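Participant: Now for the letters of each chain:
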Amino acid sequence: MKVQFGRIIVLGVLVGISVWCGLAAGQISPQQLVDGLKNPSRWLTYSGDYNGQRYSPLTQLTPSNAQQLTVQWAFQTGVLGRFEAVPVVIDGIVYVTGPANRAWAIDARTGRRIWSYQHEVPEKPGTRVNRGFAVLGNKLYMTTLDSHLVALDMKTGNVVWESVMDDYKRGYYATMAPLVVKNEVIVGIGGADEGTRGFIDSFDAETGKRNWRFWTVPEPGSPGSETWTGNAWEHGGGSTWLTGTYDPELNLIYWGTGNPAPDLLGSVRAGDNLYTASVVALDADTGKLRWHYQFTPHDTHDWDAVQIPVLADINAGGARRKVLMLANRNGFFYTLDRTNGKLMVAKPFVQTTWAKEIGADGRPVELPNNTPTDQGTVTCPDVIGGTNWNSPAFNPATGLFYVTARETCATYYAWQQDFIEDRDFFGGTGRNTGRGSGAVRAIDPLTGQIKWESKQFTPSMSGLLTTASGLLFGGDADGNVTAYDARTGRIVWNFQTGSAVYAAPVTVMVGTKQLVLAGSGTTIFAFGLPAN
Amino acid sequence: MLRRIVARSLLFVIPVTVWTADGAAQTREMKNPLEGQRKAIDQGEFVYKRRCSNCHGLDARGYRAPDLTAGQFVNGTSDAQLYRVITRGIPTTEMSGTNMNEDEVWALISYIRTIMKQGANEATRGNARTGEALYSGKGGCGNCHMVNGKGGRSGPDLSRIGVARSQMALAREIRSASEYIPQGYEPVTVVMRDGRQIKGARKNEDSFSVQIMDTNEQFSTFLKKDLRDVIEEKKSLMPDYGPDKLTETELDDLLAYLRTLRGR
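In order, the protein sequence lines correspond to chains A and B. Take the first sequence: its letter number 411 is residue 411 in my numbering, and every next letter is one higher. Quick note, my numbering runs 532 ahead of the 1-based positions in the second sequence.
Quick caveat, the hints were computed from the structure, so don't treat them as lab data. Predicted model only: the values in this text are computed from it and were never measured. Virtual Cβ for every residue (Gly too), placed ideally from N, Cα, C. One or more hints might be untrue.
Unchecked claim - Okay, the calculated bits of chain A under chain B, using three or more residues with CB under 8 angstroms as the criterion: (1) 415-422; (2) 468-480.
What the hints assert, rightly or not - A few chain A residues that don't get close to chain B, going by computed Cβ distances all over 10 angstroms: (3) GLU219; (4) ALA355; (5) LEU367.
Using the sequences and the hints given, assemble the complete structure.
Facilitator: Written out as structure tokens, the structure reads:
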């Protein structure tokens, strides 16, 4: 009788939790987003966890058995364009966006489509990519090429609400996977290369109504505006085109910002050009700036800092430190104290010729003759950078930060250019001086030292994934999906997909099988161990 | 604002309608609505520098593409013909299409018109007939290069090189062949574990394998785990034809012949 009573209590508690959360089976609560990858059958956010580590606790796949990985299924989207989306996976269903404002729900066991969705594509979009969904409750959220934020019904793919972030005819566009925090959908915008003014928006997840906006380029009179001259701020860039990370304990979101505009012509915007090429820490409820750190003051090489700010708590000097790690397009790897934005470590992770070092004050010690001119100046890295939007990873078990690095240099040209709305406002161009090369590198975040590297033939923009069993998954521009031993960099498995790999793989349990999902070309591949 | 939207819509609609109706006959009807407009020319110059100058050169005199200042294009010089080449590219050549907006393309054409007026046709000093004899005889070019189905495959096909390169670029590539080596013809030496070396032109390579065409025009694939090294050679498989091998007069003759190669 006591046992039965206990069962009733347990059942009652479960029903109570379900009613309290207002969730049906398969719906996602804010707490489940905080829990992140604790549920092995789910990959709920762009980076898996709010901390951006892309560290999966799954252990079925190991460095010892990864060589047995085989394709379990492949899903053909049939849509041309770079496949840059990270899937969301919930209890056996894959939700993924694709090029040209497309999206699909796919059965994770078979790769069979359940529903599909397409948002209208604007005339001649500057890009066609999309980088993925966010999820809350029974809704999926995606940004679009015409700068809308769309909420879809998870079960049907039907539109629940649609909000306009800004006017795409002014050069704005959106490609990033939103970040859901509590009941907010937080989104960033693209368009700095067209001379737009960047922002981060928060929308109510239920209604689509805007909560707040943070402008990455302050208007005159606001703090930071003293770092601009004249009216340059109006078209100052500072896009926010990749997903940020979140620390629930500090209630801060961390977001990288893009280059100032015009990209390569700095003479028309003298000053540091805050808050471009920076990471900003915003109060998640209000969007108010708590602190910022600018990686490249007065950037003239198109070195956006939108790379994923990876959060971890690590032991440094005998103390537990809350850090933020970021491998920047400018070629330096940074470790910051994420409570205040103070620099802890900064070391180059690729060849850099524009700065000798990052000083103790956090500013780069710049080297001469690196400003783009009409005759051209050679600087390393190139316009794409030492790395780009492709996700890095951090493995708490190895203590290493992993990044797909690019060894490239370019001749940078600058020229006078007038602003024309919705048109290229680059103010120059960069031409690579050679083919370059690439590498997956493992960095000690306490020293910035490179602990190992695995060379890549072609400079690549491929995201990474690491696991508790000591694996690191990545890809390259030549079409390879590759598994490494996370401790040593030894390649333990490789598969040639036939097209460049951009988006970071994800891993989840589907039934009793651990799958690794990786996008390439027009295809999502699911890899797993053979049945026996 | 409304006027601007309507104007843009017209730009979008007219070329598409004309093309889908009847192809070439009607593309000739397309006219550049921005012809001669100062603002469009300025914008076109930015577009040119960003998107075109890598191959055609900042001065548009052709680095590894035709000299645009010469004002002679094998695919025509009308507005419609230039529009078509810029937006669709030229199949089987290095000229690719673009996803630019229509008014950007028209702005680009407006700019190109201004530089076409600056340039002069390249004078042909040499004798094409003598040059052809040099090509097949002393120069030995046909051993590696194909012209209209005849010749070797170790080097790029030259059947339309006369319209794909400026004389200046061709002269440079003949005199210093290693300065620019086209993709697919980069020389590599594959070093086997036992020390054997195989030279060839790299057709493809990634972190795990390399595909080459060797000097006997045979394809070979090597897995890097089976190799000691893959060496990227700095010297092109094509020798430099300096003045000791090819006098200035002979070079002029050869250039005159190459200039006649305009595709089939």
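Participant: Are the hints correct? Go through all of them and say.
Facilitator: Now the hints, each set against the structure:
{"no.": "1", "hint": "415-422", "verdict": "holds (count 4)"}
{"no.": "2", "hint": "468-480", "verdict": "holds (count 4)"}
{"no.": "3", "hint": "GLU219", "verdict": "holds (23 angstroms)"}
{"no.": "4", "hint": "ALA355", "verdict": "holds (26 angstroms)"}
{"no.": "5", "hint": "LEU367", "verdict": "holds (25 angstroms)"}
Hint compliance for this structure: no hint is broken.
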